[in-house]
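Visitor: Work out the full structure: start from the sequences and follow the hints.
Next come the chains, spelled out residue by residue.
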Amino acid sequence: MSYVDAGYASALGALFVYGIGLVLRRRRWERAARAAEATDGAAATAPGGPR
Amino acid sequence: MTPVPSAPRPRWLSAIGLAGLLTMAVTVWLGLWITPPDVVQGNLARLLYIHPPIATVALYWAGGVAAAGSLLYLWPRTRSFFWDRLAASAVEVGAVFSALTLVTGSLWGRPVWGVWWTWDARLTSTALLLLLELGYMALRRVPADAAIRARRCAVAALLVAIDVPIVHFSVDWWQTLHQGGTILDPGFHLHVHGSMLWTLLLGFIAFTLIFVWLLGVRYRVEVLQDQVGDQELEVSLAERWREGDELTGVGGSGPRSSDGGAP
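Line by line, the protein sequences are chains U and A.
For any residue, its number in the working numbering is found by taking its place in the first sequence, counting from 1, and adding 1019.
For any residue, its number in the working numbering is found by taking its place in the second sequence, counting from 1, and adding 546.
Some clues are possibly wrong.
A short list of chain A residues far from chain U (calculated; beta carbon distances all over 12 Å) [stated by the list, open to error]:
(1) 597
(2) 600
(3) 607
(4) 613
(5) 614
(6) 623
(7) 628
(8) 643
(9) 651
(10) 674
(11) 701
(12) 725
(13) 726
(14) 729
(15) 757
(16) 760
Below, a sample of chain U positions facing chain A; criterion: calculated Cβ distance under 8 Å [what the hints assert, rightly or not]:
(17) 1026
(18) 1033
(19) 1034
(20) 1038
(21) 1039
(22) 1045
(23) 1048
(24) 1052
(25) 1056
No lab work stands behind these hints: they were computed from the structure.
We put the beta carbon where it would ideally sit given N, CA and C, even for glycine.
Guide: Below, the structure written as structure tokens:
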């Protein structure tokens, strides 16, 4: 592998991996937000919950 | 499956991501197969279609957004967590581009200069930029009240931003192995021509679009993190109130809020 190939592969590969990682993080946090909203709603309607 | 209402996915961001992928593909095609080898550097000049655009994003776009966002957060009239989250997102994405600046520069420097690394002012100040960005990210993970964390991080981002002009002017202020303005000299005369120039310009556009897309996705992660953190706090408080009510036998006390009724 030449220096040029290594440069393009490292730059594009790293950006690709970081981008995919960000998308996966976003999906995980969206799921967590939905779960937290559901739990929050249940807690708010439960007896003795926040008023 | 219901969308998170407070942070909808904008369509323009997907369009920018797609445009970034397309322009990047064309840049790689032009850079590796269409443009001619350089008279002096041969095929190694092909690395310069990606190294300066990556460095530009790391230094000016990410550094600029982080500094502007932090200043706007610190300024009382414009204080909003939007600016804090935007700055934090820019620093993380900027750290990736700073690391890639060092990697691609090193891969070009080894055959041209004969060394992977040298304590040159431009290289050292760029490495310092990466370290400062990593320090900012570590500081952001320190548990604190949201407003305190935002103010602390805004000050840290401004300290990071001090390094940006040092990196930029390092080739003028010190005798460096790294060359000065390669594309534009101080008199704004172009040193790149023809297909090489267009490929380089396309590279700037491609990496800028990719940066904007990454920044947008990272910003949404930041919003969701804060949102889930707040909701988890609410649920924890609700559980503690319920436990307290059960212990004291109180069935229905007065109104409570998450920020005013914390035990």
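Visitor: Does residue 1045 of chain U hold up as a contact with chain A if the rule is Cβ-Cβ below 8 Å?
Guide: With a closest approach of 5 Å, the residue 1045 of chain U hint holds.
Visitor: Far enough from chain U: is every CB of that chain over 12 Å from the CB of residue 726 of chain A?
Guide: Holds, since 22 Å exceeds 12 Å.
Visitor: Find the nearest Cβ of chain U to the Cβ of residue 701 of chain A and say whether that gap is larger than 12 Å.
Guide: Fine: 26 Å to the nearest Cβ keeps residue 701 of chain A off the interface.
Visitor: Is the claim that residue 729 of chain A lies outside the interface with chain U correct, judged by CB distances over 12 Å?
Guide: 18 Å, holds
Visitor: Should the hint that residue 1048 of chain U touches chain A count as held when the rule is a Cβ pair under 8 Å?
Guide: It holds, given that the least Cβ distance between residue 1048 of chain U and chain A is near 4 Å, below 8 Å.
Visitor: Holds or violated: is the Cβ of residue 651 of chain A farther than 12 Å from all Cβ atoms of chain U?
Guide: 9 Å, violated
Visitor: Evaluate the condition: distance from the CB of residue 623 of chain A to the nearest CB of chain U exceeds 12 Å.
Guide: The claim stands: residue 623 of chain A keeps its Cβ more than 12 Å from every Cβ of chain U (closest is about 30 Å).
Visitor: For residue 607 of chain A, is the shortest CB-to-CB distance to chain U above 12 Å, so the non-interface label stands?
Guide: 14 Å, holds
Visitor: Using 8 Å as the Cβ threshold, decide whether residue 1052 of chain U counts as touching chain A.
Guide: 5 Å, holds
Visitor: Could you let me know if the closest chain U CB is still more than 12 Å away from the CB of residue 674 of chain A?
Guide: Since the minimum Cβ distance to chain U is about 20 Å, residue 674 of chain A lies beyond 12 Å and the statement holds.
Visitor: For residue 614 of chain A, is the shortest beta carbon distance to chain U beyond 12 Å?
Guide: Nearest chain U Cβ is 22 Å from residue 614 of chain A, so the label holds.
Visitor: Tell me if the interface restraint on residue 1033 of chain U is satisfied: Cβ within less than 8 Å of some Cβ in chain A.
Guide: 6 Å, holds
Checked against the numbered hints above, the structure breaks hints 1, 2, 8, 9, 15, 16 and 21 and satisfies the rest.
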